[in-house]
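> For the protein sequence lines, the chains are A and B, in the order given.
Counting in the numbering used here, the first sequence runs from -16 upward without gaps.
Counting in the numbering used here, the second sequence runs from -16 upward without gaps.
Just to be clear, a hint being listed does not mean it is correct.
Treat identical chains as interchangeable: a pair holds within one or across any two.
As the list claims (entries may be wrong) - The calculated lysine-lysine pairs, modelled on DSS-like cross-linking and capped at a C-alpha distance of 30 Å, are:
1) Lys39 with Lys211
2) Lys81 with Lys168
3) Lys299 with Lys190
4) Lys289 with Lys299
5) Lys281 with Lys149
6) Lys292 with Lys39
Derived by calculation from the structure, the hints in this document are not laboratory data.
Bear in mind the structure is a predicted one, so any value in this text is a computation, not a measurement.
Number of protein chains: 2
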Amino acid sequence: MEESIKTISYTRGTDIGSILRSGSRRQEENAERSSMEIVEQIREGGDEMVLSCLRKFDNFECTADRLLVNEQEYAQAEKQISPELAEAIEIAISNVRKFHQAQQVPDIEVETMPGVTCRQKSVPIEKVGLYIPGGTAPLFSTVIMLAVPAKIAGCRTIIMCSPVNKNGVIAPEVLYCAKRCGVDKVYKIGGAAAIGAMAFGTEHVEKVYKIFGPGNSYVTAAKQYVSKAVCAIDMPAGPSEVMILADESANPEFVAADFISQLEHGPESQAVLVTTSRKMAEKVAELFTEQTAELGRKGYILESAKNSKIVLVGEKNDLTTVANAYAPEHLIISTENADELAETIVNAGSIFIGNYTPESAGDYASGTNHTLPTGGWALSYSGVNLGSFTKRITLQKITREGLTSLAPAIERMASAEGLDGHRNAAAIRVKEINGNK
Amino acid sequence: MEESIKTISYTRGTDIGSILRSGSRRQEENAERSSMEIVEQIREGGDEMVLSCLRKFDNFECTADRLLVNEQEYAQAEKQISPELAEAIEIAISNVRKFHQAQQVPDIEVETMPGVTCRQKSVPIEKVGLYIPGGTAPLFSTVIMLAVPAKIAGCRTIIMCSPVNKNGVIAPEVLYCAKRCGVDKVYKIGGAAAIGAMAFGTEHVEKVYKIFGPGNSYVTAAKQYVSKAVCAIDMPAGPSEVMILADESANPEFVAADFISQLEHGPESQAVLVTTSRKMAEKVAELFTEQTAELGRKGYILESAKNSKIVLVGEKNDLTTVANAYAPEHLIISTENADELAETIVNAGSIFIGNYTPESAGDYASGTNHTLPTGGWALSYSGVNLGSFTKRITLQKITREGLTSLAPAIERMASAEGLDGHRNAAAIRVKEINGNK
Chain A
-16 MEESIKTISY TRGTDIGSIL RSGSRRQEEN AERSSMEIVE QIREGGDEMV LSCLRKFDNF
44 ECTADRLLVN EQEYAQAEKQ ISPELAEAIE IAISNVRKFH QAQQVPDIEV ETMPGVTCRQ
104 KSVPIEKVGL YIPGGTAPLF STVIMLAVPA KIAGCRTIIM CSPVNKNGVI APEVLYCAKR
164 CGVDKVYKIG GAAAIGAMAF GTEHVEKVYK IFGPGNSYVT AAKQYVSKAV CAIDMPAGPS
224 EVMILADESA NPEFVAADFI SQLEHGPESQ AVLVTTSRKM AEKVAELFTE QTAELGRKGY
284 ILESAKNSKI VLVGEKNDLT TVANAYAPEH LIISTENADE LAETIVNAGS IFIGNYTPES
344 AGDYASGTNH TLPTGGWALS YSGVNLGSFT KRITLQKITR EGLTSLAPAI ERMASAEGLD
404 GHRNAAAIRV KEINGNK
Chain B
-16 MEESIKTISY TRGTDIGSIL RSGSRRQEEN AERSSMEIVE QIREGGDEMV LSCLRKFDNF
44 ECTADRLLVN EQEYAQAEKQ ISPELAEAIE IAISNVRKFH QAQQVPDIEV ETMPGVTCRQ
104 KSVPIEKVGL YIPGGTAPLF STVIMLAVPA KIAGCRTIIM CSPVNKNGVI APEVLYCAKR
164 CGVDKVYKIG GAAAIGAMAF GTEHVEKVYK IFGPGNSYVT AAKQYVSKAV CAIDMPAGPS
224 EVMILADESA NPEFVAADFI SQLEHGPESQ AVLVTTSRKM AEKVAELFTE QTAELGRKGY
284 ILESAKNSKI VLVGEKNDLT TVANAYAPEH LIISTENADE LAETIVNAGS IFIGNYTPES
344 AGDYASGTNH TLPTGGWALS YSGVNLGSFT KRITLQKITR EGLTSLAPAI ERMASAEGLD
404 GHRNAAAIRV KEINGNK
């Protein structure tokens, strides 16, 4: 049998992270320039320019007052959701809600010195915007992953943009989830135009302070552009990826299925199997061909398989080393003592432990978020979580006595930094306190 | 007396945030282009290019093996710190440590359904880089604000870059604090070159995953550039600012001192006093001139005063409205019931409550962090805190029984999204479970 997935051997000391990522494509400069232009046009031209973009890029004729999805359209969408799917969506919402509700962080208060009280409290970001791509598959699960935590955080305004499909409507599953999760307003706007409209606001689209959600290279470029000057974004986005750590205890059927499920996302996805077992490597490669034959998105799978690899390692410790160097978005651990191995991982978006924990559980319904750092960004970024929708504000209150104790430190440090005005702001108060004694 | 600070009246419904910020300058495109070029040159040329930048921009001749500060240089620096300053620094470190230690967030574990266990745990970002500007005032307090939480978080590698002064050394206070706070390595590199070296690594400078710290427009542009493709950054940085909310209960001497202390940072700083009391407005404007006359950095203060304003509002509620619209980096509240007013603030970096809580307390020594969002970014960003040095990784483990319950939801949602491979990853396991029964 010809080799279906390229297999390489890991040599200790090599930069395996870079080796594995070397095949992945960079965002085109084209997308960057074009998205910047669209965003700037929308900043200037508002709704009129949004409509012009929709006409040009989505072949969608619309008027400004029809951009906002109305009650009738929601009702229409709801009718198309089967009871079975509605039930599945309820389970997903319930689990995502439970897990994100548990992420609430208590406010803290510390008296660092007598009379010097410092606090830190959480407040929701007032206005957030969610972007849900259209395209071949309507990613309604992402609506749940973004809107549920936004609602728990208490964001006052939650808006959403999504492109219409070829029938001129947003996918009914997307609208249904938006309504069900408490999104305030949904607009029929796609691509860089949507990002520009949410970042700067238009006559009909409310300006937001942070934008969340995946998208193609134009959407990603537009998000990066607005994030420089006006509006925060969730994270740098890129093609999805999975790494699977497996020893001989893994089930090769499951490993192959997880490997493949990653690749069906698109032609730039990447899957990497890292294994101590040559037998496992061979078996998975064989099953890859078998299982793929039966799947609908075979074209994407075969294309992104070119980007994917099997890495043979010498011993179990190497599994940790390779995973931490690659910093995968998703990490599946199918080994003996998988729990112990999981504790050694410091660079990953989300970890799936054991043979019965497929990545698709976390993608949809177990409760964890599926908006995760890709492309090695797991070195520094967390996935979207409740904290992504909140800010931590610090507060302090100092008493006369507290300031009297603290002022000498403030004054000496300010003087050493050459900032007399800073020193004076403490000194002038101490003088008054002493004068009042 | 001629008017020293421009006074305006607030009209409800106007976009006061934009009005107040209209005078503030934008980052020059020049800086953006030039920083990008420097960063790319360092990415290619490594140490040699770093040395060439130091020669060109800092007039500093150095060799690659002398970039790293050595023990002798630390010892030299320590000798120059007076016992009084050392004592002040200890107080600051102790308070900052206490407040940031209290920010530790517990790991969580939730069984969202029987057999479906989701966890979220904190892990430190492995490698972080701190940038400390040189210039007229050596900002050693920023070393404390960045290194102390990095150490508490458990970052494995903490490096720092700072430019040398005209004597060819880094300010002794900066080196002293770096050593005292546990920074692993300090390099004599300034400007965009430092950002490039830390983001991409060179022969002598270790690559890091996240860069923190303030800087001029070149440093800021370099940070934004590397943040697109390789290395996270703390936040978009800009000129510092303060807003003071005051009623007739405030002490105008203190208000004027706080107002001025902000302006001495540089010519682009901004201070805004918002008050219900015309008398307070007039008195502060008068004291501004008086107090400024005695200060060393008068030039900066008078320059940035042009950017600054006093806003007269009709009633107390307007104080909240104006503050939340402006989203100040620092917010001082000197009013009756200041605590209550503080609770109504949702957009601010750090809040200082009452007449005896000058901003300079938080700038140096009370315990809160002074690296805060400026330019309106407090709408969406928190200041640097312990969480800035950590990631939250999610984990999940599902039992056979758990997957049996959850699989129908996964399979239905995957099918509705057209992702058969995702469905199959659950289905193939359920089939095996049922076969084993």
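> Reference check for the pair Lys81 and Lys168, CA-CA at most 30 Å: within, between, both, or neither?
Within. Shortest intra-copy distance 24 Å satisfies the 30 Å Cα cut-off; inter-copy 43 Å does not.
> Can you give me the call for Lys281 and Lys149, within, between, both or neither, at a CA distance of at most 30 Å?
Within. Shortest intra-copy distance 23 Å satisfies the 30 Å Cα cut-off; inter-copy 64 Å does not.
> Evaluate Lys289 and Lys299 at a C-alpha cut-off of 30 Å and name the case that applies: within, between, both or neither.
Within one copy only: 26 Å inside a chain, 64 Å across chains, cut-off 30 Å.
> Checking an output row: Lys292 and Lys39, CA cutoff 30 Å. Within, between, both or neither?
neither (39 Å within a copy, 45 Å between copies)
> Should Lys39 paired with Lys211 be assigned to within, between, both, or neither, using CA atoms and 30 Å as the limit?
both (26 Å within a copy, 28 Å between copies)
> State whether the alpha carbon distance between Lys299 and Lys190 is at most 30 Å within one copy, between copies, both, or neither.
Between copies only: 27 Å across chains, 50 Å inside a chain, cut-off 30 Å.
Of the numbered hints given earlier, the model fails hint 6 alone.
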